[in-house]
Each structure stands twice: as C-alpha cells, then as structure tokens.
Amino acid sequence: MNSTKKRFTEAYLGVYGLWLLAFVVAPLLLLLIQSLNVPGQGLSLANYRDFFTSGPYLAMTVNSIWYAFLITVITLGISYPLALCLTKLKHRQFWLLLVILPTWINLLLKTYAFIGLLGKDGLLNQSIEAMGFGSQQLLFTNGAFLLVAAYIELPFMVLPIYNALLDIDPLLPAASRDLGASSFQTLKKIIWPLSMPGVKTGVQTVFIPSLSLFMITRLIGGNKVITLGTAIEEHFLVTQNWSFGSTIGVVLIIAMALTMALTTDRKKKKRRQRK
Amino acid sequence: MKKLMMTFGGICLVIVALLGLQWGLTASRNQQSSGKDTLTFYNWGDYIDPSILTDFTKETGYKVNYQTFDSNEAMYTKIQQGGTNFDLAVPSDYMVAKLKDAGLLAKLDKKQLTGMNNLNPQFLNQSFDRGNQYSIPYFWGTLGILYNKKEVNGSELTNWSALWSAKYRNQVLLVDSARDILGMTLISQGKSVNDQNVADLAAAQGKLSSLMPNVKAIVGDELKLYMAQGEGSLAVTYSGEAKNAMERNPDLAYTVPEDGSNLWLDNLVIPKSAEHKQAAYALMNYLNRPDVAAKNAQYIGYATANKAAYERLPKSVQNDKAFYPKQSVLDRLQVYQNFDQHWTQLYNDAFLEFKLGKS
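Top line first, the protein sequences correspond to chains A and B. Quick note: the first sequence, position 268, residue 268 per our numbering, numbers continuous. Quick note: the second sequence, position 16, residue 1016 per our numbering, numbers continuous.
No wet-lab data here; the hints were simulated from the structure. Any given hint might turn out to be false.
To be verified - Far from chain A by the CB rule (all over 10 Å, computed), these chain B residues: (1) K1003; (2) M1006; (3) V1016; (4) W1044; (5) S1071; (6) E1073; (7) L1104; (8) N1194; (9) G1206; (10) L1225; (11) Y1226; (12) D1251; (13) A1308; (14) Q1334.
To be verified - Cut-off 25 Å, straight-line C-alpha distance, at most; resulting in silico cross-link-like pairs (BS3-like, lysine-lysine): (15) B/K1002 <-> A/K6; (16) A/K120 <-> B/K1150; (17) B/K1167 <-> A/K224; (18) B/K1003 <-> A/K6; (19) A/K120 <-> B/K1167; (20) A/K88 <-> A/K188; (21) A/K5 <-> B/K1167; (22) B/K1149 <-> A/K120; (23) B/K1098 <-> B/K1078; (24) A/K224 <-> B/K1207; (25) A/K5 <-> B/K1003; (26) B/K1036 <-> B/K1272.
Stated by the list, open to error - Pulled from the structure, derived: some chain B residues nowhere near chain A, Cβ distances all over 10 Å: (27) L1025; (28) K1058; (29) G1083; (30) G1103; (31) K1150; (32) W1164; (33) S1192; (34) D1200; (35) A1282; (36) Q1298; (37) Q1337; (38) N1338; (39) K1355.
Ideal placement from N, C-alpha and C gives every residue a C-beta, glycine not left out.
Isolated chain A, as found in the complex (with noise of 0.2 Å):
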C-alpha cells in the first residue's frame, strides 16, 4: 500500500516537474535569453543599462509599485472585514459563491461594463444629475482606474483570507473572549495573527498580477495611468523591439521576487516579536 502510494506521487511529480520544466523554467529562460540577446550588438546588458538610466521607464517602474500598491491597499480593506462577515453568515456558500462570481466573466466584459457605468451618460452620472449634482467626469480618472482595478482583484483577496479565517479553531475567539479580552483585542491579538497566511497569499495574488496591468490603464485610465505593463505592450506590439520587452518582463519578475521575499520576512519577524 504505501509503495504504491510512494510510486503514485513519484509518478505524480515527474509529470508536474516535466510541466514546471516547459512551461514554466523554459519560457522563464527564454524570456532572458531574449533579453540580453541585442540585436546587432549580441548578448550584452546594454538593454538593462539602457532601463536603469533611463528616466521615463524608471518613472514607470515606480508608477507600476505605486499602483499596485494602492490597489493591494484597498483590496485588502475591503476584503478583510467581507471575508470576517462571510464566515459569521448562515449559508456562507451561497455568499461566497456571489463574490466568486464575476471572476467567471471575461475581464475585458467586465471593463467594458464600466465604461457604461462611469460614462459622461453613464449611470452613475445619471444618479448624480438626479440629485442634483452635476455631472462628473469619472472616466479617465485615477480613482476610477482604482476601483475597476480593485473591483476585479476582489475575489482573489477575499478567497484566501475567507479561508484562513475559517481555519481558525473557534475555541481560540472564544476563550480569549472568556479571559476577558474584548472583541477588538480578540480581533488584534488572536484572529488577525491567524489569519496572516490568508492576507499574505491574498496580497501577493493581487499585488503580482496588479504590476503589469494594461488593459484597464488604456480602457479606464485612458493612458493616463502608464504602468510597465504598457510599455511591454508596446515594445512587443508597435515597436517589435522583443528583446527590451523581455528585459521589462526580466525586471517585473525580479520585483515580484523581491516583494515576495520582503513580505514574507517581515511577516516572520512580526511572529517571533508576538512569541
């Protein structure tokens, strides 16, 4: 029993680790092969030496964090305190269900149904005329590229978190209420502690993926929001120009890595202070 169980997980990861090995390790090394491949000039760092000196991609590496930063930030106040509800509600799969479901709606859809809700005629002008206000212009504005950003990252925040909370063995709320702490004690000192392995995955589901968004700056933003997500659009659609494309890519991954690293260690830290 226990060697074919040993024999089916061999089995199991020779045929994930071929998987990792063409579609994940692969592709990552010909993203930086493509990268230090210049044309014309052979393989040289001159790309990334052209990326670091460069004033506008270095403008547009810190909008990209910034953004994204932001995002993860609203996110993550919103989620929080939605999950805390989802796990104290009666059918919390049928509400759970609800959060899940835009995400089985095509993004670029969803996008576009903003545009009719934010339009100049849209309906939350509409609403606006109705009392009595003037029309706004919400289109093309940051806070509207923040809330379809955050709107659509939602589920992926809310899941992990939902998660976690319900992980939490419901002894430990309540003696800690029976020792006399109050709700918002128990809610610092015990739930949020626990939950941290949610909020971590959480935030670095929405973070990554919020870096290289490009769609939703052109379509809501109206290119006012330029990310490097823009920027590898271009390089690899107008200008064909892959190789600085990939050197962009190169960078995001690296800044992912390093968010991850850096996330992930403080947090360890934190619990050994709490220890």
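Fit chain B to the supplied structure of chain A, relying on the hints for placement.
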C-alpha cells in the same frame, strides 16, 4: 517507477494522437484549399462586400477562401512564417515596403493586370512602391479630427494647432499611436511626417507636451465608442474609424486640417509564396472593375482609389469633403515611409515620455 513510465507513456500516446489528428485536419483542409481553383484572400475583417466574392466565383469559377487579420504586424508575421499560402493580401503603405524589403512579395506581371487606368493616378507610384511593381491601391483614407458638432465649431479646425486652443481643455481624445500623434504635431510645425531629425522630433515632443492639459485620454480602437458616447468633443483619429463613429452618432463630423495630414493606403499584393497566382490576378482585375469597385466602396464606406468607380458613386458621397478632401488638401497629404527599428523606437520613446508627463 513502472507507474511513472506508464503515465509518461500515456501522455506520449495522447500527444501522438493529437498530433496525428492535427496533421489529418491540416491535410484535409489543404486539400480543399489547394484545389486549383481556390485562392486564399488574406484581408482585414469586413473589408470587402461579401456578395462581390460570390459574384466573382459565379463569374470566373474561382472559389475564394477569405481569411482575416487585425493588424499589419500580425499579417506580416503570418506571411513570413509561411504556414498557409496566401494568394492575395491587403497590407497598408508602410507594410508594403516592409514586405517588399523582406523579399516576401511577388513582382506584379503588368501584362496580366487589367483596369489599371481606372485607378486614380494620385494614389499610384507612391514612395513605398515606386511604379507599382508590387502593389495596387485598394482603399485610402486620412488622419483627421473627429468632432462633436454640438460642442465644437468645425470651421475653427482648419489647422492642427487649433487643438492646442485653451477652450478645448480636457476635451481631446488621441489615438494611441506614436507615429500618428507625433506626425500631426510635426505637420503643425511645418515638418514632414517622415522627419528623421532628432532636433525636430524633440521640438515636436515639446509642443505635444503643451497639448497635455487638453488631452482627456489616449485610447485605441475604443476611441470610436467613446466619441459616439460623447466622452470627448474632439478626437484625432483615422477617417475609417471616424466613419464608423459617425454612423453611431449623427452629431459627429470629420475633417482633415488644411495644413496637411497623413494619407494611408491599403493595397492589394501577391505574396511570393502564392500558389494560385492566376486566380489572384483574376480577383485583382475583378476588384478593379469600376462597377465592382463602386459597389465595394458603397459597402465599406472608405474612399476608393478607383477613379472610374468614384464617378459612379452617388453625388452625396462624391461631394463629401470629409472623405474625399478637396485637391488643395489632397496635395498636402503625406504617406508614411517605413521607419527602421531605430527611428520607430525614437518616435515611440518620445510618445511614451509625452504620455508619462500626464500622470
């Protein structure tokens, strides 16, 4: 270990089966399309009156396999890779030059072409293909200003610099294309859209940056949707897109500033890899016939390069100055030359810096 081998073997089997299936399907499709009397026409989506193709088959016996692309670059890649043999394609001006330089086009045999004298000489012998050795014009259009008649007085839009006017604050939409937006800025400064002078480009970027307070958004294909919805009062876009937006919203109008603009041309070419050249020539000649070209122009709504067809169009279309500009404007239109990588990059970097200045 045995199990691993079995799983691996299973996966291999599935892969072989799928490859076999794909091979079978491709072979059967090729058999269909490599029939002597079927030509593959590679065109933009909805860029021909479908009934013309049916009539063509009825008249000549050649069947047409119509395939579409959505960008010149995508078409270039597919023709270059050569998986499918296209017999007739429709690249834009600069792409004709690029295909030609890459040796992907077949030289046209003028003896097999008829109806060449139906074409408007204005659109022949262009810089991208001198003497029309590889291409003949299909439809043409311009870059111009689409505006909302309720908000903007069209008679004020006689030159590009009008866009910089302080009264259009936060009302202008721009098409997200470095070449077009820098091109119109260069024209407003009396330069060429094909300017290859670093100082001129820097000056244009400087002038463009001062347009920023007026710019509401820089968008792609969705520009026509936004204009139809009234999101902006003015937009810099192509005549074809403008036509589409105007059909959705009657308040919109289109004009080409008199200080000049870009002239774009879509052209019929025969790729070198074509296998049914006879049929391709037959379709080219058919499309050149005045009655067919006029019918096609009515369906698509773009400006036809066929003079004889133009004369058959209704007077209201002929006199539409937005799509058939008067001669003095026509004389000032410039066709894009194909830039090398270096200059494509410089234009795009300048445009990127302009966009960044906004956030």
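Hint by hint, here is what the structure shows:
At roughly 5 Å from the closest C-beta of chain A, the C-beta of B/K1003 falls inside 10 Å, breaking its exclusion from the interface. A Cβ of chain A approaches the Cβ of B/M1006 within 10 Å, the least distance being about 8 Å, so the stated non-interface status is violated. The beta carbon of B/V1016 sits about 16 Å from the closest Cβ of chain A, which is more than 10 Å, so the claim that it is off the interface holds. Listed as outside the interface, B/W1044 is consistent with that label: its C-beta sits roughly 17 Å from the nearest C-beta of chain A, beyond the 10 Å cut-off.
With a least beta-carbon separation of about 8 Å from chain A, B/S1071 fails to lie farther than 10 Å from that chain, contradicting its non-interface assignment. Its beta-carbon lying about 7 Å from the closest one in chain A, B/E1073 breaks the requirement of being farther than 10 Å from that chain. Remark: the non-interface label on B/L1104 is consistent with the geometry, its nearest Cβ contact in chain A lying 16 Å away (cut-off 10 Å). Even its closest Cβ contact with chain A, about 17 Å, leaves B/N1194 beyond 10 Å, as expected for a residue assigned away from the interface.
Once the 10 Å rule is applied to beta carbons, B/G1206 is consistent with being away from chain A; the minimum gap is 15 Å. Under the 10 Å C-beta cut-off, the non-interface status given to B/L1225 relative to chain A is violated; the minimum distance is some 7 Å. Under the 10 Å C-beta cut-off, the non-interface status given to B/Y1226 relative to chain A is violated; the minimum distance is some 8 Å. Annotated as non-interface, B/D1251 keeps its C-beta farther than 10 Å from every C-beta of chain A; the closest such distance is 13 Å.
Chain A leaves B/A1308 outside its interface by the beta-carbon criterion, the shortest separation being 37 Å against a cut-off of 10 Å. No Cβ of chain A comes within 10 Å of the Cβ of B/Q1334; the nearest lies about 20 Å off, and the non-interface call holds. Taking the CA atoms of B/K1002 and A/K6, the gap is near 12 Å; set against the 25 Å cutoff, the hint holds. Straight-line distance between C-alpha atoms of A/K120 and B/K1150 comes to about 15 Å, which keeps the hinted pair within the 25 Å bound.
For the proposed pair B/K1167 and A/K224, the alpha carbon gap of about 21 Å is at most 25 Å, so the pair holds. Proposed proximity of B/K1003 and A/K6 is supported: the alpha carbons are some 10 Å apart, at most 25 Å. Taking the CA atoms of A/K120 and B/K1167, the gap is near 19 Å; set against the 25 Å cutoff, the hint holds. A hinted pair counts as satisfied when its Cα atoms are at most 25 Å apart, and A/K88 with A/K188 qualifies at roughly 17 Å.
With a C-alpha separation of about 75 Å, the suggested pairing of A/K5 with B/K1167 is violated against the 25 Å cut-off. The straight-line distance between the Cα atoms of B/K1149 and A/K120 is roughly 17 Å, inside the 25 Å bound, and the hint therefore holds. Restraint check for B/K1098 and B/K1078: satisfied, since their Cα atoms lie roughly 14 Å apart, inside the 25 Å limit. A hinted pair counts as satisfied when its Cα atoms are at most 25 Å apart, and A/K224 with B/K1207 qualifies at roughly 18 Å.
A C-alpha spacing of about 11 Å is found between A/K5 and B/K1003, which places the hinted pair at or below 25 Å, so the restraint holds. The suggested pairing of B/K1036 with B/K1272 holds, with an alpha-carbon distance near 17 Å, which does not exceed 25 Å. B/L1025, annotated as away from the interface, keeps every beta carbon of chain A farther than 10 Å; the closest lies near 24 Å. Listed as a non-interface residue, B/K1058 keeps its Cβ farther than 10 Å from every Cβ of chain A; the least gap is roughly 40 Å.
Every C-beta of chain A lies more than 10 Å from that of B/G1083, the closest at about 20 Å, which supports listing it as non-interface. At the 10 Å boundary, the C-beta of B/G1103 stays outside the reach of chain A, the nearest C-beta of that chain being 18 Å off. The claim that B/K1150 is not at the interface with chain A holds, since no C-beta of that chain comes within 10 Å of its own (minimum 13 Å). No Cβ of chain A approaches the Cβ of B/W1164 within 10 Å, the least distance being about 19 Å, so the stated non-interface status holds.
At the 10 Å boundary, the C-beta of B/S1192 stays outside the reach of chain A, the nearest C-beta of that chain being 21 Å off. With a cut of 10 Å on Cβ distances, B/D1200 stays outside the contact zone with chain A, its closest approach being about 20 Å. Every C-beta of chain A lies more than 10 Å from that of B/A1282, the closest at about 34 Å, which supports listing it as non-interface. At roughly 31 Å from the closest C-beta of chain A, the C-beta of B/Q1298 stays outside 10 Å, upholding its exclusion from the interface.
Its beta-carbon lying about 16 Å from the closest one in chain A, B/Q1337 satisfies the requirement of being farther than 10 Å from that chain. Every C-beta of chain A lies more than 10 Å from that of B/N1338, the closest at about 12 Å, which supports listing it as non-interface. The claim that B/K1355 lies off the interface is violated: its Cβ sits roughly 5 Å from the closest Cβ of chain A, which falls inside the 10 Å cut-off.
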